[in-house]
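K.L.:
Every letter in the sequence shown is one number past the one before it in full-length UniProt numbering, and letter 517, counting from 1, is 517.
Worth flagging that the hints you see were computed from the coordinates, not collected in a lab.
Keeping only pairs whose Cα atoms sit at most 20 Å apart, straight-line, the calculated SDA-like set for lysine to any residue is:
no.	residue 1	residue 2
1	Lys118	Glu85
2	Lys174	Asp146
3	Lys138	Gln200
4	Lys635	Arg480
5	Lys138	Asp86
6	Lys564	Leu592
7	Lys587	Gln561
8	Lys152	Asp97
9	Lys560	Asp524
Given the structure is predicted, the values throughout are model-derived calculations rather than measurements.
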Amino acid sequence: MALNRSIKLNSGYSIPVVGLGTWQSKPNEVKEAVAHALKTGYRHIDAAAVYGNETEVGEGIKASGVDRKDIFVTGKLWNTDHKPEDVEAALDSSLRDLQTDYLDLYLIHWPVAFPQSKERFPVDPKTEEIIVIDVPIKDTWAVLEDLVKKGKIRSIGVSNFTREKVENLLETAKIPPAVNQIEAHPYLQQPDLLNWHKSQNIAVAAYSPLGNNIYNLPRGVDDPTVISLAKSLGKQPAQLLISWAVQRGTIVLPKSVTPERINDNFQDFELPDDAFQKICSLDRNHRYNFPARLGVDIFGEVLAIKHPAHDRIQICGCNTYPGSSDLLHPYPTLLPAFGSSESDGYSSETTYSSDLHAHSYTFITDFIMPEIASIEYFRVPPRWLFVKITDKGGNVGWGEASLEGHTQAVEGCLDAYIARYTGMEADDIEHIWQMSWRSGFYRGGPVLMSALSGIDIALWDLKARRLNVPIYQLLGGKVRDKIKVYAWIGGDRPSDIAGQAQARKDQGFTAVKMNGTEDLGWFDSPSALDSCIERVKAVKELGMDVGVDFHGRVHKPMAKQLAKALEPHRPMFLEEPLLSEHIGGIKDLSQLTSTPIALGERLHSRWDIRPFLEAGAIDILQPDISHCGGISEMKRIATMAETYDVALAPHCPLGPIALAANIQIAAACSNHVIQEMSLGIHYNVGGQDLTSYTTNPEVWKVTGGYIDLMKGPGLGINIDEEQVRRLSQGAEPWVSPGFIGPGGEIREW
Numbered sequence: 001m002a003l004n005r006s007i008k009l010n011s012g013y014s015i016p017v018v019g020l021g022t023w024q025s026k027p028n029e030v031k032e033a034v035a036h037a038l039k040t041g042y043r044h045i046d047a048a049a050v051y052g053n054e055t056e057v058g059e060g061i062k063a064s065g066v067d068r069k070d071i072f073v074t075g076k077l078w079n080t081d082h083k084p085e086d087v088e089a090a091l092d093s094s095l096r097d098l099q100t101d102y103l104d105l106y107l108i109h110w111p112v113a114f115p116q117s118k119e120r121f122p123v124d125p126k127t128e129e130i131i132v133i134d135v136p137i138k139d140t141w142a143v144l145e146d147l148v149k150k151g152k153i154r155s156i157g158v159s160n161f162t163r164e165k166v167e168n169l170l171e172t173a174k175i176p177p178a179v180n181q182i183e184a185h186p187y188l189q190q191p192d193l194l195n196w197h198k199s200q201n202i203a204v205a206a207y208s209p210l211g212n213n214i215y216n217l218p219r220g221v222d223d224p225t226v227i228s229l230a231k232s233l234g235k236q237p238a239q240l241l242i243s244w245a246v247q248r249g250t251i252v253l254p255k256s257v258t259p260e261r262i263n264d265n266f267q268d269f270e271l272p273d274d275a276f277q278k279i280c281s282l283d284r285n286h287r288y289n290f291p292a293r294l295g296v297d298i299f300g301e302v303l304a305i306k307h308p309a310h311d312r313i314q315i316c317g318c319n320t321y322p323g324s325s326d327l328l329h330p331y332p333t334l335l336p337a338f339g340s341s342e343s344d345g346y347s348s349e350t351t352y353s354s355d356l357h358a359h360s361y362t363f364i365t366d367f368i369m370p371e372i373a374s375i376e377y378f379r380v381p382p383r384w385l386f387v388k389i390t391d392k393g394g395n396v397g398w399g400e401a402s403l404e405g406h407t408q409a410v411e412g413c414l415d416a417y418i419a420r421y422t423g424m425e426a427d428d429i430e431h432i433w434q435m436s437w438r439s440g441f442y443r444g445g446p447v448l449m450s451a452l453s454g455i456d457i458a459l460w461d462l463k464a465r466r467l468n469v470p471i472y473q474l475l476g477g478k479v480r481d482k483i484k485v486y487a488w489i490g491g492d493r494p495s496d497i498a499g500q501a502q503a504r505k506d507q508g509f510t511a512v513k514m515n516g517t518e519d520l521g522w523f524d525s526p527s528a529l530d531s532c533i534e535r536v537k538a539v540k541e542l543g544m545d546v547g548v549d550f551h552g553r554v555h556k557p558m559a560k561q562l563a564k565a566l567e568p569h570r571p572m573f574l575e576e577p578l579l580s581e582h583i584g585g586i587k588d589l590s591q592l593t594s595t596p597i598a599l600g601e602r603l604h605s606r607w608d609i610r611p612f613l614e615a616g617a618i619d620i621l622q623p624d625i626s627h628c629g630g631i632s633e634m635k636r637i638a639t640m641a642e643t644y645d646v647a648l649a650p651h652c653p654l655g656p657i658a659l660a661a662n663i664q665i666a667a668a669c670s671n672h673v674i675q676e677m678s679l680g681i682h683y684n685v686g687g688q689d690l691t692s693y694t695t696n697p698e699v700w701k702v703t704g705g706y707i708d709l710m711k712g713p714g715l716g717i718n719i720d721e722e723q724v725r726r727l728s729q730g731a732e733p734w735v736s737p738g739f740i741g742p743g744g745e746i747r748e749w
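Go ahead and model the full structure; you've got the sequences and the hints to work with.
P.N.:
Okay, here's the thing in structure tokens:
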């Protein structure tokens with residue numbers, strides 16, 4: 001059914017909850033879009049002087065044949081007209097263009113004033129910066145109140161005002177604002193601001209309700225969770241988000257010029273509670289529209305920093321030189337973002353405004369992130385240690401510091417890091433990494449590096465979520481669209497190999513890994529190796545590839561025999577054929593077999609790994625991202641390995657955060673060949689598995705031996721924090737199993 005719902009404003013007038021946005025439409029499109037929308041049943045049109053298309057909006061209203069009194073028309077006062085003597089003339093100009101005698105709602109577009117000018121963004125030719133002047137909002141507002149009395153406006157309101165700015169206005173206003181139009185969508189829900197406005201009887205209108213397609217950044221309408229929910233409900237993703245916005249009590253302003261999409265956007269349905277809550281869980285506090293580019297700090301942003309010595313502006317680690325035709329920035333950040341962005345939720349085409357391009361570099365925020373407000377860690381079953389970092393802006397990142405069998409030691413190290421890093425800039429990932437490595441005199445090792453890994457991964461996740469891009473975009477971009485993966489079979493004492501391999505094949509895997517042997521003595525009967533050969537043959541008969549993990553259990557005398565016996569069956573690799581402290585023995589073994597030698601999980605930095613590369617001892621490197629210093633060090637290790645023609649296949653029998661971090665590395669590294677997954681691994685007991693702590697487990701779906709590259713921001717997974725906190729209560733540290741030989745001697749696990 002059509003959306004006919006409306007809400008009563010504090011002015012006494014009713015406003016339809018779904019309106020047609022008109023920003024960023026191409027010439028000659030708006031008239032037809034407005035006319036079609038009104039004929040379809042829309043009764044709310046959102047316009048603004050700065051959009052430059054009010055004449056077409058007026059023509060569309062006239063062409064629709066709908067009586068003007070039945071249409072709710074919103075207009076906006078632009079920044080160049082804030083002076084009291086300019087306000088009425090600006091309104092009259094809009095009324096002429098819109099072919100109407102009054103506006104139903106007139107908003108102050110932004111709480112910032114420019115001098116009166118024919119240019120929308122007057123720029124000082126000397127400083128090449130936008131000119132901002134001091135015009136108290138209360139003075140502009142007083143004129144709007146007079147225009148209400150004159151009958152030229154029925155309701156007045158604001159746009160892009162923070163709570164503080166609205167409170168300041170209320171101190172002097174005779175007529176309270178009826179509406180505050182703000183950016184709101186699944187990635188920027190602003191629930192506290194919404195609830196405060198409700199308490200003040202001020203309606204909230206949401207622009208960019210589906211996301212903003214100017215920057216080609218991930219949008220809520222493209223979120224895998226949204227797409228999946230929409231499919232399950234038989235709706236379009238845009239319809240889902242529009243109804244969600246209405247259901248949470250906001251006016252919503254989707255934009256489209258396509259008749260079919262205009263029709264689709266005007267369909268009403270009630271979301272089931274579980275679907276509504278899943279969308280609510282997507283909040284990332286991500287804003288697309290940054291007025292810091294205007295030279296004012298409205299939302300607690302850091303303004304653009306110009307470096308006089310170099311005559312350039314630093315933007316997200318890139319250098320932009322004045323006068324350059326293109327910004328050296330991962331995404332275009334041009335001035336159209338200052339208007340209300342009503343993306344249609346369908347087109348990903350990037351739109352530019354050529355008349356503003358020449359000066360656009362002056363409006364970019366330096367994007368320095370807030371300070372770290374808190375660092376928490378959570379011990380959760382089956383054997384994982386998660387790290388959560390929150391900055392003072394409310395942005396969150398998750399990391400994983402799991403070190404199997406040594407949880408308490410890592411927690412102690414994290415306690416020290418919490419005291420050290422709280423209050424530091426969350427953006428300074430490399431500085432924090434170097435401080436962890438260099439400031440303690442003693443460095444490296446599994447405990448320190450696992451704690452650092454958790455911090456590092458969380459900081460990368462936080463930063464990328466703040467920028468609303470996947471981490472791999474900050475690592476140079478992707479080199480692949482899907483990642484080859486393998487799963488475990490067999491357990492510590494491998495058994496039922498054929499059945500487990502078939503089950504993995506049915507799951508979509510084409511490759512598996514298994515322990516080569518049970519525990520062995522320094523020198524055991526050669527017959528103890530026969531069962532390993534039979535297990536490999538059983539997997540190969542199913543047409544699958546298999547890696548054989550010696551797990552450091554096999555000592556040199558037996559390792560030579562086993563490597564030679566396995567060679568005819570062509571396993572993918574032999575993992576840890578000897579303990580990594582025996583670099584000479586590993587090099588000798590690599591020269592005895594044509595099977596690739598793989599190791600790295602017990603090497604904790606590039607300095608640990610370099611001797612193996614220099615010796616030519618390994619073919620496949622398997623560092624663990626939760627033990628080697630996180631994303632920062634893993635990327636450096638991968639690059640170093642590439643120079644030795646060594647492949648990367650990261651070790652990861654751990655949780656979803658570690659795996660997601662590895663996927664970000666895999667996306668950006670050309671020498672990545674395959675990724676270990678812990679889905680259904682024998683350690684995952686007690687009902688918890690790889691999918692237990694995320695709200696988008698579909699990202700782990702394996703098809704033809706591959707998983708698709710996650711496209712969401714940060715790590716690309718959504719952590720179920722409620723589940724994490726609940727299951728962390730009373731969670732016991734995991735204890736590594738041990739093997740005892742027949743004589744009572746300790747054997748390698």
